[in-house]
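A.B. asks: From just these sequences and the hints, can you work out the full model?
Quick note: the sequence shown uses the UniProt record's numbering, first residue 1, plus one each step.
Simulated from the structure, these hints should not be mistaken for lab results.
These numbers were taken from a predicted model, which means no experiment stands behind them.
Check the hints yourself; a few may be wrong.
[Stated by the list, open to error] The following label-pair restraints were derived from C-beta to C-beta distances:
no., residue 1, residue 2, range
1, 93, 178, 29 to 35 Å
2, 177, 2, 28 to 34 Å
3, 107, 373, 52 to 58 Å
4, 101, 36, 45 to 51 Å
5, 116, 222, 44 to 50 Å
6, 374, 311, 45 to 51 Å
7, 105, 333, 52 to 58 Å
C-beta atoms are modelled at their ideal positions from N, C-alpha and C, and glycine is treated no differently.
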Amino acid sequence: MEHRRRLVSLAYPVYFELLASVAAGVINMVWVARLGPAAVAAVAVAGNVENVLLGVVLMAGSGTTVLVARARGADDPAGVRAAVRGGTALCALLIPPVAVGGFLLREPLARLLLGDSAALPLAAGYFAIALPGTAVFFAGNVVDGILKGAGDTRTPMRLAFLANGLILVLDPLLIHAYGIRGAAVATVTGRAVALAAGLFALRRNALLKESARAGGTGGTLAALRRTAATGLPMSVDFVVRMTGTLALVTTVARLGVVEVAAYGIATKAMYVATMAFYAVRQAAAIHTAHLLGAGHDARGVVGRQALVVGGALGTAAAVLLLLTADLVLRGFGAAPDVAAAGALFLRCLGPYLVLMAGFIALAGVFEGGGASPVLARITFAGVLLQLPLAYGLSGPAGLGLPGICLAMALAMAAQCGALAVLRRRTGRTADQEPSRLLSRVG
1 MEHRRRLVSL
11 AYPVYFELLA
21 SVAAGVINMV
31 WVARLGPAAV
41 AAVAVAGNVE
51 NVLLGVVLMA
61 GSGTTVLVAR
71 ARGADDPAGV
81 RAAVRGGTAL
91 CALLIPPVAV
101 GGFLLREPLA
111 RLLLGDSAAL
121 PLAAGYFAIA
131 LPGTAVFFAG
141 NVVDGILKGA
151 GDTRTPMRLA
161 FLANGLILVL
171 DPLLIHAYGI
181 RGAAVATVTG
191 RAVALAAGLF
201 ALRRNALLKE
211 SARAGGTGGT
221 LAALRRTAAT
231 GLPMSVDFVV
241 RMTGTLALVT
251 TVARLGVVEV
261 AAYGIATKAM
271 YVATMAFYAV
281 RQAAAIHTAH
291 LLGAGHDARG
301 VVGRQALVVG
311 GALGTAAAVL
321 LLLTADLVLR
331 GFGAAPDVAA
341 AGALFLRCLG
351 PYLVLMAGFI
361 ALAGVFEGGG
371 ASPVLARITF
381 AGVLLQLPLA
391 YGLSGPAGLG
401 LPGICLAMAL
411 AMAAQCGALA
421 VLRRRTGRTA
431 DQEPSRLLSR
441 VG
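C.D. replies: What follows is the structure, given as structure tokens:
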């Protein structure tokens with residue numbers, strides 16, 4: 001019970017932080033829906049691209065979180081300082097190719113995802129602002145990662161509230177004035193203000209003040225490499241999963257613009273639930289890494305408690321979306337045909353959500369324990385299975401959007417099976433080789 005309480009205390013601020021970020025996308029979608037299905041499709045695709053980019057910066061953000069948490073558990077201020085330096089340097093390395101390259105390739109990217117549909121110029125216009133704005137997005141993610149590793153998940157929650165509160169105010173004004181580009185400007189502006197507040201919070205954090213006075217543990221390049229080595233498997237895992245979601249858009253696009261718009265809105269609603277799973281995952285990773293840093297291997301019990309919490313959240317999400325699918329779509333102001341297709345998609349998501357909740361929650365224990373590389377391979381195999389299933393079940397089999405849901409559930413079931421095998425294996429080796437496990441985390 002102690003571990004469960006700790007997971008919940010770490011997870012609920014993370015959830016509200018993630019929920020606030022989802023709310024930004026929801027707010028955008030509600031206002032953009034008034035511009036028509038093509039605008040909705042453009043913003044939906046842009047949101048999926050941002051999720052892929054979030055996976056890229058997780059290399060710096062999540063890697064920093066785990067290393068700071070481990071150093072905090074070991075009472076090592078110099079290790080905290082090195083982890084912060086490594087995460088900051090890695091973020092600075094990632095920003096230019098994504099922000100500049102994304103801006104230059106905005107039209108080919110939009111064409112790749114949407115073809116020559118009416119949504120193409122709208123998506124390219126949105127990307128022209130949103131992709132350079134990833135510089136702010138990336139920096140903010142690393143600031144959050146540092147604070148979480150220090151055991152503070154509440155400040156990132158407050159920063160997310162600040163950013164998205166500003167977006168709530170700016171969206172209707174800027175979308176009315178500039179159309180779909182106004183939505184991108186509102187998002188970047190809100191995040192920039194929150195980033196400034198986050199940098200101020202870092203200067204006031206007691207653990208980080210202490211680490212700033214500590215001696216170094218190697219140069220910046222060495223710290224960067226350590227952060228990248230720790231965070232890369234987590235980044236790959238998330239990028240692969242989000243790339244699979246983005247690739248599904250191309251499959252859904254074969255069904256029509258209405259289906260793309262419905263899928264985009266339904267995905268936003270689904271994220272309200274799945275962000276709870278990712279909150280448990282982050283909490284489990286922080287808690288596991290902190291315990292390992294202090295010399296305690298409690299992966300077995302933490303994993304069981306993570307499954308309990310994740311399973312309860314997944315079941316609740318499945319039931320809630322089943323009962324409220326029509327209300328959700330109407331809340332987005334979707335056209336009747338889009339609302340009908342989106343509600344059907346949400347009602348079919350139940351099995352996928354329950355399976356995903358367990359997988360994501362337990363994955364946090366593996367991340368904090370240094371088993372992320374194997375986890376990334378499981379995710380990659382699952383996505384490779386999901387894409388042909390989605391194509392076959394939605395198109396040739398004639399199931400449409402429900403076929404997409406079925407493919408997602410079948411692929412997730414396979415990943416859960418692989419994770420169960422991995423858990424049994426690591427459970428045996430953890431009791432025999434705890435020192436080897438600690439070296440893998442470092």
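A.B. asks: Out of the numbered hints, which ones does the structure contradict?
C.D. replies: 2, 3, 4, 6, 7
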